[in-house]
Structures are given as structure tokens and as C-alpha cells.
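Here is how the chains run, residue by residue.
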Amino acid sequence: MTDLLFLLEVSLAGLGSGALLSLTALAFVLIYKATRVINLAVGEILMLGSYLFFAFGAGMGLSVWLALPLAVAGGALTGAVVERGLIRPMLGESPISVFMVTVGLGSVLIGLVELIWGTDPRSLPPFIANTPVFLGEAYVSRKILVAFLVAGAVMAAFMLLFRYWRGGVALRATATDQAAAYSCGINVPGVFSAAWTVGCGIAAGAGVLLGAIGGISPSMGVFGLSALVVVIVGGLDSILGALIGGLALGLIQSWAGTYLGGEYQSVVTFGLLIVALMVRPYGLFGTHEIERL
Amino acid sequence: MFSLTRRRVTGLMAGVALVAGLGAAQAQEDDIVIGGSIPLTGVFAFAGVAIEAGMQDYITQVNEAGGIGGRNLRLAYEDTGYKVDQSVAVFNKLTSQDEIHLYYGDSTGFAKTIAPELNRMGGMIMGGASFASELNDPEEHPYMFMAGPDYSEMIAILMEYIAEETPGAKIVLVNSDTEFGRDPIESSRAKAAELGLEIVEEIITPPTAVDVSTEVLKLRRARPDYTIFHGYILAPLPEFMTQAQQLGLETKFMGTFWSMDSSIWDSVGEPADGFMGVMPYRYYYDEEADAPTMAKIREMRPDYQATGYMQGYLSAMLMAESARRVLDQGQELTGSNLKAAMNTIEDFDTGGLIGIPISIPGNSVPVGRVYQYSAAEKKMQPVSDWITVTE
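Those sequence lines, one after another, are chains A and B.
Just so we're aligned, residue 1 is where the first sequence starts under the UniProt record's numbering, counting upward by one.
Just so we're aligned, residue 1 is where the second sequence starts under the UniProt record's numbering, counting upward by one.
Honestly, the hints are just simulated from the structure, not real lab data.
We put the CB at the ideal spot given by N, CA and C, even for glycine.
Accuracy of the hints is not assured; some may be wrong.
[As the list claims (entries may be wrong)] To be clear about the criterion: a stretch of chain B counts as covered by chain A if any three or more of its residues have a C-beta under 8 Å from a C-beta of chain A, and this derived list gives those stretches:
| # | stretch |
| --- | --- |
| 1 | 198 to 207 |
| 2 | 214 to 225 |
| 3 | 229 to 235 |
| 4 | 239 to 247 |
| 5 | 257 to 269 |
| 6 | 327 to 335 |
One chain only, chain A, in its complex shape (with noise of 0.2 Å):
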């Protein structure tokens, strides 16, 4: 019986991290969505997030509650600015090209944090409180549970979007085809823009729950290799992909960090990848697309 309650205990723990992982997936997938650019920067663009929420919530003194909007808003800003200034201009480049643009934005992003807040690591100022949770008799870390709450939340609201809202359209038709969208009358630049904006919002979103939990530090945006992992298991373009892939990956990584120790979590997490990869290259969920030759 303990040992059951153990096992509930160690899958919503699982779960709980995994949901974390699916909030940033969701940033890669928006993104590579509208503009079919794997945007290598998102990790560090949650790391800045968290850091604006610090320089908001610690820095100016501001409350929580004002300080974690502007830090979203400050990642969305910052999603625009990279997108009008630096992608856009590339339209038409090789994708490498591209990809290779967003890995220097992120060793400026780290560069310029270091520069602006130092390098020391530091710590959010409290905004979730540290009582504990019960799930009946199960032991739940509450901002586990609180990034799961958010995680979901926005996650739900994504793919009702998508399904219902216009601007979702939009997007889904920029994503099939990029020429029909435009004849049809979508905006298409303005749909990158959006997708840039809201994902790194969304980053920057995430940045804040991950570093209310594990502190922050220029280095944090590694996170984003495990949400790397998660979008290609579960298709780079499917939002469905980025809730399981995350979810599962959070629990597999608990179950692998509890049962066998903490040293096979990364054996088994790219493990997984290569089987998947092998298996279903598009992803879990992904687009299987038939090129005629």
C-alpha cells in the first residue's frame, strides 16, 4: 500500500515537471507552427522571463502580480523585435541559415543577462506559498501543482483557439500553405509576428514558474533542450504533441529517476527520442508530409 501511495506520489511529481516541459514545448511548436523556424533560442528567451520577473518583483519592488505580467509581455516584446528585425529579413534563407541565427540570439540573450544582472544565481522573490498539498493521502509539491494548473490551462485555451478563433485559423493556414493563405487574404507577416510574440510570451511565462522553482541563473535555459526533446517526439507542430510528449516525458523521467536512479534520466530521455525518431519521424503527433518527386 505504501508503496502505491509512493508510486501516486512519484507520477504527479512526474506529471507536475512534465507540464513544465509541454508550457515551453508549446513556444517551439507556435513558432516552427507559422514560420517553419525551430526557434533554438526559446530556452534562453524563458531564462530572460524569468530575470525581468526579477528585475519587476525584487529589483523595482513591484507586486508579484504586476511583476509577472510585464515579464511576459517583456518576453512577447522581445519575440516581436527578434521577429521583425532579425527573421523576417532572412524570409527566403536556407533554413540553417535561420536556425543558425536563433543559437546566436540565445548566447546574446545569456551575454546580455550577464551583463545587465551578473552571473551570481539567484532566487525569485516568493510568490507561490510553501504549504504543502495532500491529494488525499498523497504528498504534492504546491508549485508543482500550481505550474501544472497554469500549464493546462494554457494549453487548453491554445487548442481552442486553434479549433475556433479566426486568428487560430489563420495560423493553421499559414502553416499548410503559405502561398494559398496569402491569396486567400491572410496577413501572412502578421501572423509570423503573432506566432513570435505569443510564443515568446509564453516562454517567458514558463521562465517565471521554472525559475519559482529551481531559482534562476544565466545557464537556466537548458531547460529548453528537454522541451527540444519533447516537440520532436511529439511533432513539431502539433500543440496535442507538446501536451503528451511533455506529460509523458515528465513521468518516464520520474519513474526512470526513482526506480533506476537519477543517472539513467538522460539515457532513458534520449533513448526515447531515438526511438521515436526511428518509429515516427514526423513525431507522435506530427504532420506526415508526402513530398512528390
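Please build the complex by placing chain B on the supplied structure of chain A, with the hints as guidance.
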């Protein structure tokens, strides 16, 4: 008649520049150069920046007092981003530019990579930011040293303290899944057995771990008296401690040197209260009467200096002392002479940077003290005497 044409002025300026340049080169030729692969950016930058400041301050002091045998000390360093390939590139560049007999390396990876080259060259000794147990082997690494206890000795110091406070205590080891983190696991088991302590669980966390709920659940099952972290700087320790407190665990948390800077704990607040760990040096704010070095540091730097500063300061001090001893003997600055001189350091007074006189029998300075963080005071406070461990 001498008139100033543009050509003459340019020629004159070039001449002045040449003479000045030669003069500078002349002045630098005599310098004793300490080379440095120092991480000023990247994950370890917080330490690298402090290390560089500490080394520079000690060097300034030595030079102001007339240098070593009339020769000035100079730090020639470049940023490595805490990447091994970059550290090696910096090493190659600096050693081709200057005659270097003393070197500061930034990581265990770099030290291990460069070790065969160091043995082959035989011209210098090397200290650095790594306290890897493996490097503390004078047979294998005759030209290496570390300005403090190695990681196994750090855990041994903590365990000596635990055995004194709570005989037969139950311990959980939490280590990051990195070379740094896994370093002292084997030796910790042996030391615990020797001291009659019981290791009830060993937890390994992946290097990118953020959420530690799963690990805290393991901790709850094990119910240890002490939990010893190694292989971390700050994250995920605060979350670990917060969740353990939420679950009402009574365990005392401990860490090793790189987790012990008090400024990183200031922002953590209340959950940090009571965190303990091993520290080989005094803190910036320790105001004991027998510590003129600390007073001097506070005079030079009015603001708090991190633990990396003390590490850099002592590294430069040990390098300078070894060079001084070699030159006093009228010997050449070679790796073996410098290392032999360093091993003659016995009951050496660091001016209170370390609270007791130190000796360097092998590659390390096996001394440390247990400090405990007080959230109210925002300071680390000593809870033990200085503990010396010997193999």
C-alpha cells in the same frame, strides 16, 4: 631649421611608440607570470569573476611590497566560458606568449585534459578551481595542487563533525550526475563506515534537474539525520530544503565549498536558515583578531567578496610563496622545483585567511571548518573548530 611637417610628426610618434613598447616589453620580461584559464562567462562565471579579483589583489599586494626577489608578479588570463576546449586554447596561447611557471586552471575537465602535457613540459605548477579527489595524487599529478581540501576531504570534514555531534547518525548523500558531483561518493562510503555513520540512501540528480519532488519523496522514506549535497552551487538545494521542511523532515542539510557562498543564500531567505557546509577559508566578514589578511581584504574591497575570491587569493599566495622559496634557494623556476618548494610549506601563516597554520604534504590543503547559515544575520557562522583530515 627644424620644422614640424606631418611626416616628421608621424615618424616621431612612431619612434616614441616603439621606444615605449620596447620599454614595456623590457619591464614585462622580468615579470613572474601567472597564467590563467578563468571562466568569466558561462555557468561558473560567478566564481571566475571573484577568483580573478582575489588573485589580482594578492598580486598587487606582493608587487607593492617589492615583488619576489625584485620581480613583479603578473596575471595573464583569458576567459574560457568554463569550456574545456576553450581553456586548452587559452593555455596554448598564453604559454606561447609568455614564459609561464604558474598556472590557474578552471575545471576538473581542463586539469585532466592538460595533465599529460603538464607532465611532459615539466616547467610549471598548476592550481585551479577544481578540488577533484583524482587530482590529489602526487604520483600521477606531480605538478598539480589545490588551495584547499579535495572533495573527498571536504565530505570527510563534514562527517568528522557529524560523528562528533551525532554518533551513529543516518546520512543521505545527494550528488549531481556530473564528474564534479560523483567525485566523492566512493570515498564517502568508506569514511562513513570508518566513523560508524550509516548511509541510508544515495540520490543522484541529473544536471538539469529543476523539480526535485521525486527526490524529496525518497528523502522522506529514508528519514536521515543529515543530508549532504555535493556537485551543486545553488539550485536545486533551496527547493529541496523547502519541500523537506513542508513535509516536516528534521534532517540537517549540508554542502561543500562551491555551495557555501553566503551571498547566494541571502536571496533564498528563511528556507536557507540552518544550512551547513564545509568552508576552507574565513568569510569576508569574519572579524577575528588573528586575521590581518581579512582586515587587509576589507580595506581593499569595501564590499562583500564571494568565497571564490578567497580561493583565488590563497591560490596566488601559495604560487607566490613557492616561487619565492625557489628563487631564495637560487634555483630555476621549474615544475619540480616549484612543487618541491610548495611541499616545504609547513605550519604556514596565511594571515588568518585560514584559521590555523597550514601545511601542504601532497597536492591539497586538507583543512576546513563547518559553517552554518543564519537567515536573520544573513551570514555564515562557524559551528566547529578548524578540522584537519589526513588520509
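How the hints compare with the structure:
1. 198 to 207: Check passed, 4 qualifying residues.
2. 214 to 225: Holds: 7 residues of the stretch 214 to 225 of chain B have a Cβ under 8 Å from chain A.
3. 229 to 235: holds (count 3)
4. 239 to 247: holds (count 6)
5. 257 to 269: holds (count 5)
6. 327 to 335: Per the Cβ count (0), the hint is violated.
Of the numbered hints given earlier, the model fails hint 6 alone.
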